[in-house]
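Chemist: Letter by letter, the chains look like this.
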Amino acid sequence: MGAPYKLDDSSVVVVIGSGAGGGTLGSQLARKGIDTVILEAGGRHEIDDFVNDEWTMFSKISWLDPRTTSGSWRIAKDFSGLPAWIVKAVGGSTVHWAGASLRFQAHEFKARTTYGDIPGANLLDWPLTLEELEPYYAKAESNMGVTRTNGIPGLPGNNNFKVMKAGADKLGYKTCHTGRMAINSKPRDGRPSCRQIGFCFQGCVIGAKWSTLYSDIPKGEDTGKLEVRPNSQVLKIEHDAKGKVTGVVYADKNGKLQRQKARIVCVAGNSIESPRLLLNSHSNMFPDGLANSSGQVGKNYMRHMTGSVYAVFDKPVHMYRGTTMAGIITDESRNDPKRGFVGGYEMETLSLGLPFMAAFLDPGAWGRSFTSALDMYENMAGMWLVGEDMPQESNAITLHPTKKDKYGMPIPNVHFDDHPNDVAMRNHAYKQGAAVYDAVGAVRTFPTPPYPSTHNLGTNRMSEKPRDGVVNKWGQTHDIANLFVSDGSQFTTGGAENPTLTIVALAIRQSDYIAEQMKKGAI
Amino acid sequence: MESAGKGPAVTRRNFIASSGAIALVISSGALISATEAWGVKVEALKPETMHTLIQMARDIYPHDRLADRFYALAVKGYDAQAGKDAALRKLIENGVTTLDGLAKAAHGAPYVGVGWEADRVALLRQIEHGAFFQKIRGGLVTGLYNNKEVWPIFGYEGESASKGGYLERGFNDIDWL
Ligand SMILES: Cc1cc2nc3c(=O)[nH]c(=O)nc-3n(C[C@H](O)[C@H](O)[C@H](O)COP(=O)(O)OP(=O)(O)OC[C@H]3O[C@@H](n4cnc5c(N)ncnc54)[C@H](O)[C@@H]3O)c2cc1C
Ligand code: SF4
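Residue numbers (this note's numbering), protein chains in the order written: chain A, 1 to 523; chain B, 1 to 177.
Treat the hints as calculated values from the structure; they're not laboratory data.
It cannot be assumed that every hint is accurate.
[Unchecked claim] Pairs of lysine-lysine, DSS-like flavour, derived with a Cα cap of 27 Å:
#1 K174/A with K219/A
#2 K135/B with K404/A
#3 K90/B with K77/A
#4 K315/A with K148/B
#5 K219/A with K186/A
#6 K84/B with K406/A
Next comes chain A alone, as it looks inside the complex (with noise of 0.2 Å):
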């Protein structure tokens, strides 16, 4: 049999998202010889349909049905429609990331007995170990084109790193370089080197940065085992007697409902989507959703402690110019209780273009101390600051009450409050950031507040018990076998690091694991 595949076809493996976790499982699948469907929300749009401009792409293909929020970030006031900025497209949010991919250390997988019991914190190791990981990160970085990996060397350094770089370096940081980007810097696996073309967040036009949309989605296609079937949103994963799942209901390109059977459903669409689906499942049998036996679906939502630092200089800088993201100062990362917080964080190049910087910079603000920070635009660097964030129960995806999206499927509430350590962590990165470019002569400084949630992580997690979370170490859900989580939400805990290269390495490590047991017949 191959692609294309009937609905009522209950052999198939079908994938919800076809983003990083998404698109990387359906691929392996289909060239393991799989017979894979993945539905995708979204549309498909190939890289002719990008341009370099943010508010364009922004609302070409961002998420941008219904969600409220509620909680004390900030996001709720200034963004409160916006939690997340995710995409709604073949490709997921890989269309939009900035490229950098970076493992985990080994001690973020031991949270709980690396941190010990914060309060508050609803901490937990994760079920697997750096060292059981580590076969698959190389292959991830293999796969992706990881830069300083796999002797691929680093991208040259624009002008924002080099003064973040300047400054690291009066600042006597030891480890400040151009990062590790799955962004190729010479021309490999058919995509060519990048251009510095500087839009990284809208979509690389000439496909020099990893995506899963012209990476792997055709690889998989090309073995006549994958579909991918855009423009179909699924609303409802069913079940059987047995409590084995059965198939999905999902709402087709004319808004039509569709039912496709299936062997195995693994959900991959990004941290809020997933566990509203599971929990718009629920059922008779499972009246708290699927997989929810232990309460803890849409729970634990992390989005990483983040903030960014823009600074002003008395000559230009042209930050924007090249690669977004490719900067990186890691001597924070490590896990240092005397700074006053556990955990760490990076901190990395970016920059935003003149619309989204006056839409980001300080939201809500205006008068000249506002705008005289952008009439200094061309002399700005900037960076970002990413670090672990604690788990907390009460930060968590719920259906809400009673909005409903146009499918009549309950919109998502994403609440969210930082703990303690997180302010703390952000407060330190604020100064450090700062530190960096006065070192190097700044004459003001931005300390800029978290956009909406880039990583969205944790709300299916990864536990050792089946109390404790959604899925064990292989990302199958402890309730059922033949449901599987494959995106960030399985994250345990968060990690200081940008996630992708963890969810991909999980997805192939997670391709093998089903592969294995679909051959057992254990699924």
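Here the structure of chain A is known, so what remains is to put chain B with the ligands in place on it, guided by the hints.
Modeler: Below, chain B with the ligands without anything else, positioned relative to chain A:
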């Protein structure tokens, strides 16, 4: 170092910008700039209201390097919208009436007649949490800054793919570090 191509350095605008007051003339349903070559047709809103919106736009996001027409461009869409949306028209007209009331009480003149930016900003601070102000400010974030014509004035070069990116055009040309 490659220059990003700034706008004209000093213009007449910069001299009159010290007060930030925008000189506009109302003529048969249109606002005509007294100092620049442009005008805005006003149909649904009162011309005086549009004048106030343009002045507010500059006072909310004051950039001395930007000509008045960019502010006019950023808010002129409200006229067409107000033509289709009675609630919006009411929000805007009532908002301006309130603002003018505050201005008259404090300075004996409508908002656009208050000479100093600092005085006008103090008036805006009194209404900044209201729906009218938030609507105008929110719209300006894209109305003003998402205009390709203003980008070069800020030294932002915009689209670069058609020029081959910055690989050979200054991505690493910083020379002062
Ligand atoms: C601007 C930006 C920059 C980033 N930079 C980096 C970076 O440098 N490094 C890094 O590691 N990470 C980065 N990220 C984060 C990274 O993109 C995400 O971590 C990653 O893509 C998440 O993978 P995922 O599979 O969980 O979800 P996604 O990649 O978001 O994919 C989820 C897909 O599922 C689809 N979907 C959701 N619900 C349904 C449904 N019910 N039915 C059908 N389909 C559905 C969505 O439409 C989407 O296409 C960035 C993100 C953004 C937005
Ligand atoms: S900077 Fe490089 S990776 Fe980023 S969009 Fe441009 S060419 Fe692509």
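Chemist: All hints, please: hold or fail.
Modeler: To see whether the hints hold, each was checked on the structure:
no. : hint               : result
1   : K174/A with K219/A : violated, 40 Å
2   : K135/B with K404/A : holds, 26 Å
3   : K90/B with K77/A   : holds, 25 Å
4   : K315/A with K148/B : holds, 23 Å
5   : K219/A with K186/A : holds, 20 Å
6   : K84/B with K406/A  : holds, 25 Å
Going down the numbered hints, you'll see the structure goes against just number 1.
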